[in-house]
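Since chain A is already given, all that's left is putting chain B on it; use the hints.
Quick note, the sequences are listed as chains A and B, same order.
The numbering used here numbers the first residue of the first sequence as 2 and each following residue consecutively.
The numbering used here numbers the first residue of the second sequence as 12 and each following residue consecutively.
I should point out that these hints are in silico values taken from the structure, not numbers from a laboratory.
Just so you know, not all the hints are guaranteed correct.
To be verified - Under the rule of at most 25 Å between Cα atoms (straight-line distance), these lysine to any residue pairs were calculated in the SDA-like manner:
hint, chain 1, residue 1, chain 2, residue 2
1, B, Lys119, A, Leu22
2, A, Lys58, A, Ser28
3, B, Lys89, B, Glu72
4, B, Lys89, B, Gln126
5, B, Lys81, A, Ala54
6, B, Lys89, B, Gln55
7, B, Lys84, A, Gln42
8, A, Lys58, B, Gln13
9, A, Lys58, B, Tyr43
10, B, Lys81, B, Thr35
11, B, Lys119, A, Gly41
12, B, Lys119, A, Ser28
13, B, Lys84, B, Gln94
14, B, Lys119, A, Ser59
15, B, Lys81, A, Glu45
16, A, Lys12, B, Pro52
17, B, Lys119, A, Gly60
18, B, Lys81, B, Gln67
Stated by the list, open to error - Residues from chain A that keep clear of chain B, each with C-beta distances beyond 12 Å, as calculated:
hint, residue
19, Ala14
20, Lys15
21, Gly17
Ideal Cβ placement from N, Cα and C applies to all residues, glycine included.
The primary structure of each chain is shown beneath.
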Amino acid sequence: GAGVSQSPRYKVAKRGQDVALRCDPISGHVSLFWYQQALGQGPEFLTYFQNEAQLDKSGLPSDRFFAERPEGSVSTLKIQRTQQEDSAVYLCASSPLTVARPQHFGDGTRLSIL
Amino acid sequence: AQTVTQSQPEMSVQEAETVTLSCTYDTSESDYYLFWYKQPPSRQMILVIRQEAYKQQNATENRFSVNFQKAAKSFSLKISDSQLGDAAMYFCAFADSGGGADGLTFGKGTHLIIQP
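Isolated chain A (complex conformation):
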């Protein structure tokens, strides 16, 4: 596709449920990033993939957060046993592996935990 695609655009879940958020990066982009953006804040880094390898997961807030990119393309961010503080917009970005990389962002998934 022409840009980074994320789905669903909105997700409402009850506290304690598991959710899965999908990111389809720009074709050919080897780098993929997930960010969490709380209301009124800037995005915060969660995790980074280079192809299928998760090279940095230092930003994941707890072990309830899990991300994968098994074939080096589509990525899924999974949140287990959701809590209210998980409510946020989750942004995915991809970039080609160049030094002067800009990151191209998707529209994000707005997650609301009731």
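Relative to the frame of chain A, chain B by itself:
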């Protein structure tokens, strides 16, 4: 760890006038990249302009230009001839020069309002 500070939660400007958004950052790196992203209500982060720290010349993209002061660790964005479509959240972001493995560090953003 790097930090990015945007001290203006909100700015307002008349259409067709010029506005400057402030950004300061803190890093011990000597080589890095700085970006301004625009986020309209649609939520997509759109790259406005970027600056490589090793370049002394300020980046320019049409009506958008930056004032990069490396010693002062300042990176302001100037928008000339403001248009209604410029209304959005603007985020300043930092990335070090590592080989693609680093997430961006963002400021908290400035909400830009364009008065018609």
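Comparing the hints with the structure gives:
1. B:Lys119 to A:Leu22: Holds, because 24 Å separates the two Cα atoms, which is no more than 25 Å.
2. A:Lys58 to A:Ser28: At roughly 23 Å apart (the allowed maximum being 25 Å), serine 28 of chain A and lysine 58 of chain A satisfy the hint.
3. B:Lys89 to B:Glu72: Distance of about 10 Å is within 25 Å: holds.
4. B:Lys89 to B:Gln126: OK: lysine 89 of chain B and glutamine 126 of chain B at ~17 Å, within 25 Å.
5. B:Lys81 to A:Ala54: violated (34 Å)
6. B:Lys89 to B:Gln55: holds (21 Å)
7. B:Lys84 to A:Gln42: holds (22 Å)
8. A:Lys58 to B:Gln13: holds (17 Å)
9. A:Lys58 to B:Tyr43: holds (21 Å)
10. B:Lys81 to B:Thr35: At roughly 10 Å apart (the allowed maximum being 25 Å), threonine 35 of chain B and lysine 81 of chain B satisfy the hint.
11. B:Lys119 to A:Gly41: holds (7 Å)
12. B:Lys119 to A:Ser28: Measuring from Cα to Cα gives roughly 30 Å; hence the hint is violated.
13. B:Lys84 to B:Gln94: Violated: lysine 84 of chain B and glutamine 94 of chain B sit about 28 Å apart, past 25 Å.
14. B:Lys119 to A:Ser59: holds (20 Å)
15. B:Lys81 to A:Glu45: At roughly 24 Å apart (the allowed maximum being 25 Å), glutamate 45 of chain A and lysine 81 of chain B satisfy the hint.
16. A:Lys12 to B:Pro52: It holds: about 17 Å lies between the C-alpha atoms, which stays within 25 Å.
17. B:Lys119 to A:Gly60: holds (17 Å)
18. B:Lys81 to B:Gln67: At roughly 9 Å apart (the allowed maximum being 25 Å), glutamine 67 of chain B and lysine 81 of chain B satisfy the hint.
19. Ala14: holds (19 Å)
20. Lys15: About 23 Å separates lysine 15 of chain A from the closest Cβ of chain B, which puts it past 12 Å; holds.
21. Gly17: At about 26 Å from chain B, glycine 17 of chain A clears the 12 Å cut-off, so the statement holds.
When the structure is compared with the earlier hints, violations turn up for hints 5, 12 and 13 and for no others.
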